[in-house]
Amino acid sequence: MTDIADDKKALICLIANLLRDCNHVAVGAASPIPGAAALLAKAAWGTPRFVNILGSVANNFFTGGGGELFDCAAQGRIDAFFLGGGQIDGQANINLMGRGDYPSSNPRWPGTFGSAYLYFLIPKVILFREEHSRRTLVEKVDFISAPGLSDNSTYRKGGPFGLLTSKAFFRFDKDKKRFRLESIHPTSSLEDILDNTGFSFDYSKEAPLTAPPDPALLELLNQEVREKVAEVYPNFAEAIFPMTSSAAHAK
Amino acid sequence: MTDIADDKKALICLIANLLRDCNHVAVGAASPIPGAAALLAKAAWGTPRFVNILGSVANNFFTGGGGELFDCAAQGRIDAFFLGGGQIDGQANINLMGRGDYPSSNPRWPGTFGSAYLYFLIPKVILFREEHSRRTLVEKVDFISAPGLSDNSTYRKGGPFGLLTSKAFFRFDKDKKRFRLESIHPTSSLEDILDNTGFSFDYSKEAPLTAPPDPALLELLNQEVREKVAEVYPNFAEAIFPMTSSAAHAK
Amino acid sequence: MPIGFEDGSIDEFAMAIPDGAKVAIPADYAGVSMAATRALIRRRVKNLHLVGVPTSGLQAELLIGAGCVKTFESSALTLGEYGPAPRFTKAVREGTIQLVDATCPAIHAGLQASQKGIPFMPLRGILGSDVLKNHPGWKVIQNPFANNKDPIVAIPAIQPDIALFHAPLADREGNVWIGRKRELVNMSHAAKTAFVTVDAISETSLFETEEKAAGVLPALYVGKICVAPNGSWPLPFWNGAEVDDAHMRRYMEMAKSDTGFQNYLDQFVMQESVPA
Amino acid sequence: MPIGFEDGSIDEFAMAIPDGAKVAIPADYAGVSMAATRALIRRRVKNLHLVGVPTSGLQAELLIGAGCVKTFESSALTLGEYGPAPRFTKAVREGTIQLVDATCPAIHAGLQASQKGIPFMPLRGILGSDVLKNHPGWKVIQNPFANNKDPIVAIPAIQPDIALFHAPLADREGNVWIGRKRELVNMSHAAKTAFVTVDAISETSLFETEEKAAGVLPALYVGKICVAPNGSWPLPFWNGAEVDDAHMRRYMEMAKSDTGFQNYLDQFVMQESVPA
Numbered sequence: 001m002t003d004i005a006d007d008k009k010a011l012i013c014l015i016a017n018l019l020r021d022c023n024h025v026a027v028g029a030a031s032p033i034p035g036a037a038a039l040l041a042k043a044a045w046g047t048p049r050f051v052n053i054l055g056s057v058a059n060n061f062f063t064g065g066g067g068e069l070f071d072c073a074a075q076g077r078i079d080a081f082f083l084g085g086g087q088i089d090g091q092a093n094i095n096l097m098g099r100g101d102y103p104s105s106n107p108r109w110p111g112t113f114g115s116a117y118l119y120f121l122i123p124k125v126i127l128f129r130e131e132h133s134r135r136t137l138v139e140k141v142d143f144i145s146a147p148g149l150s151d152n153s154t155y156r157k158g159g160p161f162g163l164l165t166s167k168a169f170f171r172f173d174k175d176k177k178r179f180r181l182e183s184i185h186p187t188s189s190l191e192d193i194l195d196n197t198g199f200s201f202d203y204s205k206e207a208p209l210t211a212p213p214d215p216a217l218l219e220l221l222n223q224e225v226r227e228k229v230a231e232v233y234p235n236f237a238e239a240i241f242p243m244t245s246s247a248a249h250a251k
Numbered sequence: 001m002t003d004i005a006d007d008k009k010a011l012i013c014l015i016a017n018l019l020r021d022c023n024h025v026a027v028g029a030a031s032p033i034p035g036a037a038a039l040l041a042k043a044a045w046g047t048p049r050f051v052n053i054l055g056s057v058a059n060n061f062f063t064g065g066g067g068e069l070f071d072c073a074a075q076g077r078i079d080a081f082f083l084g085g086g087q088i089d090g091q092a093n094i095n096l097m098g099r100g101d102y103p104s105s106n107p108r109w110p111g112t113f114g115s116a117y118l119y120f121l122i123p124k125v126i127l128f129r130e131e132h133s134r135r136t137l138v139e140k141v142d143f144i145s146a147p148g149l150s151d152n153s154t155y156r157k158g159g160p161f162g163l164l165t166s167k168a169f170f171r172f173d174k175d176k177k178r179f180r181l182e183s184i185h186p187t188s189s190l191e192d193i194l195d196n197t198g199f200s201f202d203y204s205k206e207a208p209l210t211a212p213p214d215p216a217l218l219e220l221l222n223q224e225v226r227e228k229v230a231e232v233y234p235n236f237a238e239a240i241f242p243m244t245s246s247a248a249h250a251k
Numbered sequence: 001m002p003i004g005f006e007d008g009s010i011d012e013f014a015m016a017i018p019d020g021a022k023v024a025i026p027a028d029y030a031g032v033s034m035a036a037t038r039a040l041i042r043r044r045v046k047n048l049h050l051v052g053v054p055t056s057g058l059q060a061e062l063l064i065g066a067g068c069v070k071t072f073e074s075s076a077l078t079l080g081e082y083g084p085a086p087r088f089t090k091a092v093r094e095g096t097i098q099l100v101d102a103t104c105p106a107i108h109a110g111l112q113a114s115q116k117g118i119p120f121m122p123l124r125g126i127l128g129s130d131v132l133k134n135h136p137g138w139k140v141i142q143n144p145f146a147n148n149k150d151p152i153v154a155i156p157a158i159q160p161d162i163a164l165f166h167a168p169l170a171d172r173e174g175n176v177w178i179g180r181k182r183e184l185v186n187m188s189h190a191a192k193t194a195f196v197t198v199d200a201i202s203e204t205s206l207f208e209t210e211e212k213a214a215g216v217l218p219a220l221y222v223g224k225i226c227v228a229p230n231g232s233w234p235l236p237f238w239n240g241a242e243v244d245d246a247h248m249r250r251y252m253e254m255a256k257s258d259t260g261f262q263n264y265l266d267q268f269v270m271q272e273s274v275p276a
Numbered sequence: 001m002p003i004g005f006e007d008g009s010i011d012e013f014a015m016a017i018p019d020g021a022k023v024a025i026p027a028d029y030a031g032v033s034m035a036a037t038r039a040l041i042r043r044r045v046k047n048l049h050l051v052g053v054p055t056s057g058l059q060a061e062l063l064i065g066a067g068c069v070k071t072f073e074s075s076a077l078t079l080g081e082y083g084p085a086p087r088f089t090k091a092v093r094e095g096t097i098q099l100v101d102a103t104c105p106a107i108h109a110g111l112q113a114s115q116k117g118i119p120f121m122p123l124r125g126i127l128g129s130d131v132l133k134n135h136p137g138w139k140v141i142q143n144p145f146a147n148n149k150d151p152i153v154a155i156p157a158i159q160p161d162i163a164l165f166h167a168p169l170a171d172r173e174g175n176v177w178i179g180r181k182r183e184l185v186n187m188s189h190a191a192k193t194a195f196v197t198v199d200a201i202s203e204t205s206l207f208e209t210e211e212k213a214a215g216v217l218p219a220l221y222v223g224k225i226c227v228a229p230n231g232s233w234p235l236p237f238w239n240g241a242e243v244d245d246a247h248m249r250r251y252m253e254m255a256k257s258d259t260g261f262q263n264y265l266d267q268f269v270m271q272e273s274v275p276a
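Respectively, the protein sequence lines represent chains A, B, C and D.
Residue numbering for the first sequence follows this note's numbering, beginning at 1 and increasing consecutively.
Residue numbering for the second sequence follows this note's numbering, beginning at 1 and increasing consecutively.
Residue numbering for the third sequence follows this note's numbering, beginning at 1 and increasing consecutively.
Residue numbering for the fourth sequence follows this note's numbering, beginning at 1 and increasing consecutively.
No wet-lab data here; the hints were simulated from the structure.
In this text, a Cβ means the ideal position worked out from N, Cα and C, and glycines have one as well.
Don't take each hint at face value.
[Claimed, not checked] Derived lysine to aspartate or glutamate pairs resembling DMTMM-like cross-links, with alpha carbons at most 25 angstroms apart:
(1) Lys9(B) - Asp161(D)
(2) Lys157(B) - Glu211(D)
(3) Lys177(A) - Asp150(C)
(4) Lys46(C) - Asp266(C)
(5) Lys174(A) - Asp150(C)
(6) Lys149(D) - Asp161(D)
(7) Lys228(A) - Asp199(D)
(8) Lys167(B) - Asp161(D)
(9) Lys139(D) - Asp150(C)
(10) Lys133(D) - Asp89(B)
(11) Lys133(C) - Asp89(A)
(12) Lys157(A) - Asp175(A)
(13) Lys8(A) - Asp195(A)
(14) Lys228(A) - Glu173(D)
(15) Lys256(D) - Asp101(B)
(16) Lys133(D) - Asp202(B)
(17) Lys228(B) - Glu203(C)
(18) Lys177(B) - Asp202(B)
(19) Lys157(A) - Asp161(D)
(20) Lys8(A) - Glu231(A)
(21) Lys90(D) - Glu203(D)
(22) Lys174(B) - Asp150(D)
(23) Lys139(C) - Glu173(C)
[Claimed, not checked] From chain C, some residues computed to sit far from chain B (all C-beta separations above 10 angstroms):
(24) Ser114
(25) Phe145
(26) Arg172
(27) Ala246
The shape of chain A in the complex, shown without the other chains:
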C-alpha cells in the first residue's frame, strides 16, 4: 500500500517539475495524479499561476460554460494538458475510441472527448497512462482519436511533449517522430520496458533511473498540498495519504 502511494507521489513530483514553466494548466476532474501535480507545482513555485480542475465546482474558474476550455486553448492561454488513451502508439497517436474495427469496436471505450482538438492547440501535452503493456503501448493504434503528428500545411500549435507510465518517462522527438526513453522508474528496468512496449523507441543503454522526488517537494505535497488534493480528489487523497482521516476531510 505504502509502496504504491510512494510510487504515485513520485509521479506527482515528476509531473510537477514538468509544469513549472507554465502559466495555466488545465486538468480533468478524473485525473488525480496530474491534478495533484499541478496543485503541487503552484504551491511550490507559484507557477503555474492558474490551475483549472475541469468538472470541479470549487476549483474551476471558467465562467463561460463547457466551451471555454476549448476557446481558451485556441487562444494560446493553456500551456499544458494531459491526455491518455486505451492505445498509444510510437508516433504518439492516441486511441480513446475502442479496440477493433470502428464503429463496432470491441471493447468500445468512452470516446474521443476533446483530444482531437486539444492535442493540436496546447503546446505541452503530456500523455499519461499508468498501465505500461503491449496492450496499451502499441505499434499502431486501431483508431486515431488524435494524431501525434501533422503535415506542414496543418495548423498545429501543440502536440505531444512526452509519455509517462508506471515504468518510465519518454520524451517525444518531433523531428525524429519517435519517442526516446528519458528515464526508467526505480521499480522497472530497460529490459522490462523493452518487453512491455509495443512500439519501437530510441534509448541509450545507460538510460538513467528516474530521479527520486526532491525531499522538500515531497514534504510540501505531504503537508500543505495534501489538503488541496483532498478537496478535489477525496478518494485519491485517502489512498495516498493514509494518515488523512476521513472525518478531517468530510465536506
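Start from chain A and add chains B, C and D according to the hints.
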C-alpha cells in the same frame, strides 16, 4: 403641445396594432414610440408576450451579452423590429451612414448599426421615420446600409413590412418591389404626401385616412401603460403625458 | 408562462417529447434531468437522436439500454470512475445504435452555429484523425483568408428539437437559473425549445438582482418546466447534490447482464421511488 | 495578481497602452472607462485602432477629437439623443481618420472568431449592402453545405491588443465582475489582454457564491486593473450611475468649434476634476 402628443399617441396605437400577432418584439432604447407601442400591445392583448427594450437594464431580458439580439434574430425568435434611416428610398433601401460619397460623407450619421443584418432576418421590419420630406424619402439612397430586397440566391427570412411617417403609413409590396400608400394621417393629405415624397409609390386616389386610435386602447395607454412607458422613456413620457409630474416618476 | 408549468407531472412532461426527437443533453456534471429520463423510459419513447453536450453518461446509457435511442451523437459516453458503460458497450458491439462520434469542441461549435443561425462553424484541430474520417457531416474546406494551403474543418450546425436538462430554480415567468453552466444556455439557444426540470420554484423574479440575472436562461427559450426535486439523482448536481455512489455501484452490478438491467429498470424506473 | 494592481494611478494604467494599439471598447451603456480615456488623452497616445463593440460614443468622439485615433472600426459612433458627434463628423468630412464601417453582429462575429481561434466566422445578411462593398476585410464565400448557390459573408477574426472597459468590482485575485454584460467577456477572450477600471475592490473572492461567479471575467484574461470610482462619468453605467445630462449638453455646446473642444479638453481632461 397636446396636438403633438395626440399625434404621437395615434402612432403608438397604430404600431401596437401591427405588433398584435407577434410573440417577441425588440426595440431600441432610443425608440420611444415603437417601445411604447410594444408595451401597449402587450398590455392590451398579451401579445407580444415578450418585449425587449435594448440598452435598458430593467426591461431587457437578454443575459448573453450584446450579441444575443443578433443570434436571437437568426434563430427566428424575434418577430418584429424597427429601423429608421437618414434616407429611405422607394425600394426600401435604408441609409444610416451619411449623405454624399462614402467614406467622406457630409453629414456623416452614426453608422449602420445592426441594420445590414437584422433587415434580412426579422420577418416584420417596420421602417419608422417621423420626418416625411424629400430629404429623407429619396429616389435612391446615397449609401445602402441595408437593402430592401435581395435576389433569390440570398438567404433572407425577413425584410420591410411597411413605412410609417408623421404623414402616412405605406405597406411594402415585395412582388411589385414598391411601397403602396395604405393610409393618410388626419394632419396630411394625398397632395401633401405626393409633394413631400422623393420616391414614386402606388396609391389609390381614395386612399383612406388613418383610422383614429381605438378609444379603449388610448385609454389603456393613458392609464395603465403610461407608468411602464415612463419607466423606460422618462423624457418622452413627460412630453406625451403632460399630467405626469416629474416627481411621480423620478427614480 | 410555459404550458403545463404549474400542474404538470414529470410523466406529462416526458409525453411532450415526441418519438424521433433530436434531444440535446448535458454532461453528467452539468445538470442532467434523470427524472425526465426515467419518465421517457416509462413512456417508451422511441428513436431518439441524443446529442451529448459535449459528452453523456448514465442518461444516455439508460436510454440506450431501454431501447429508446436510434442515434447517439457526442464525443464520449462515460460513467467516469465506475468504468465502461455496460449497455452502451453492448449496443456498440452489436451495432444496434447509430453512432455519430465527434470531439467536444465540435459539438459546441455545431450548437453555436445553430445558435447563430449560420450553416457551419470552422474549427481548428481534428485533421488527420479517424473521427474526421468517419463523421458523416463534417467537411474540410480551404481557409478563404489564407494565401497558402490551410485546410480547416467546417462543422455543420446542430439544431436539436429540444434541450433537456435539470436546473436549481425557475421563476413564475418561466426564467431558469443556470449559474455558470452557460453550455445550457448555448444548448437552449441552439435548440427549437428547452424542457427543464427544476428543484424548486422561485416566487420572486430571477431578474430581481443583477447577480442572479447573470446566470439566467430567459423564458423566451423555455418551452416547458416541471418541478422535480433532486431531479438529477443519482448523478451529482453542481448546485449541491453529490453522486449516489452506492446506487451507481448497484447499477454497474445489475447492468452487467440483460436480465439484471431489466430488473434495474423495473425497480428504479418503472416503479420509481426517488429518495428525497 | 495583475501588475500595478494595488498602487497604480490611472495615468500609469494608461501609459501601459502603447501607441498604435488595437483597443476594443464597449458601447456607451455597457461600461466605458472614461477615466482611462481621459488619461490616454493626457498621455497623448497616438494612432490607436479603436474597435467599438459593437458601437462607440463619447469615448471614441473624444479620442478622435484629441488626435489619438488612426482607425475607427465599428458599426456606429453615436451620442444618442444628444445628436451628431461633432468631432467624429468633422474627422469623417475631412478624411483625417480611417474608417472600417461594419454592422453590429459582424463586430461580435469577428471577436468571437478570435475568441475561438478560428480565422473567420460566416454570417448571414449583409449581402447587397454598401457596407460589404466598402469593408476591407470581408469576403463572400459559397456555403460548403449547400447544393445550390448560397453566398455567405465570411468575417475574419478581430484580435484586439487590449480590451478596455469599466466594471463595478474586482477582487484581490484579479477577477472582475461584469454581471450580464457578456460582450465584455467576449471582448476580453478575443483580445490579447484586458485592462479594466473598477469602482471598487471586493475583499472577498468573486467566486465565493455561484450567483456572483456567474458574472465573472476570470483573472486569467485580465492584465491590468485600476480603481477609478465612477470611472464611466459622464456616461451612464449599468450598475447604477445615470448619464450626467448637464455635462453632455455642455460638451455638445463646447465641441461645436475647434477652440471650444480644446477648452473642453483643457478643463475636463488635462486638469481633470471628476465629480465624486
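Evaluation of the provided hints:
1. Lys9(B) - Asp161(D): Roughly 48 angstroms between the alpha carbons, so the hint for Lys9(B) and Asp161(D) is violated.
2. Lys157(B) - Glu211(D): Violated, at about 38 angstroms.
3. Lys177(A) - Asp150(C): Status holds; Cα separation ~22 angstroms.
4. Lys46(C) - Asp266(C): Holds, at roughly 18 angstroms.
5. Lys174(A) - Asp150(C): holds, 21 angstroms
6. Lys149(D) - Asp161(D): violated, 37 angstroms
7. Lys228(A) - Asp199(D): violated, 33 angstroms
8. Lys167(B) - Asp161(D): Roughly 49 angstroms between the alpha carbons, so the hint for Lys167(B) and Asp161(D) is violated.
9. Lys139(D) - Asp150(C): Roughly 16 angstroms between the alpha carbons, so the hint for Lys139(D) and Asp150(C) holds.
10. Lys133(D) - Asp89(B): Holds. Lys133(D) to Asp89(B) sits at ~19 angstroms (cutoff 25 angstroms).
11. Lys133(C) - Asp89(A): holds, 19 angstroms
12. Lys157(A) - Asp175(A): The hint holds at about 15 angstroms.
13. Lys8(A) - Asp195(A): holds, 23 angstroms
14. Lys228(A) - Glu173(D): Answer holds: Lys228(A) to Glu173(D) is near 18 angstroms, not above 25 angstroms.
15. Lys256(D) - Asp101(B): Distance ~23 angstroms between Lys256(D) and Asp101(B) Cα, so the pair holds.
16. Lys133(D) - Asp202(B): Answer violated: Lys133(D) to Asp202(B) is near 31 angstroms, above 25 angstroms.
17. Lys228(B) - Glu203(C): holds, 22 angstroms
18. Lys177(B) - Asp202(B): holds, 10 angstroms
19. Lys157(A) - Asp161(D): Roughly 20 angstroms between the alpha carbons, so the hint for Lys157(A) and Asp161(D) holds.
20. Lys8(A) - Glu231(A): The given pair, whose Cα atoms are some 18 angstroms apart, holds under the 25 angstroms limit.
21. Lys90(D) - Glu203(D): Given that 25 angstroms is the threshold and the Cα spacing comes to 46 angstroms, the pair is violated.
22. Lys174(B) - Asp150(D): holds, 21 angstroms
23. Lys139(C) - Glu173(C): violated, 42 angstroms
24. Ser114: violated, 8 angstroms
25. Phe145: Holds, since 20 angstroms exceeds 10 angstroms.
26. Arg172: holds, 14 angstroms
27. Ala246: holds, 38 angstroms
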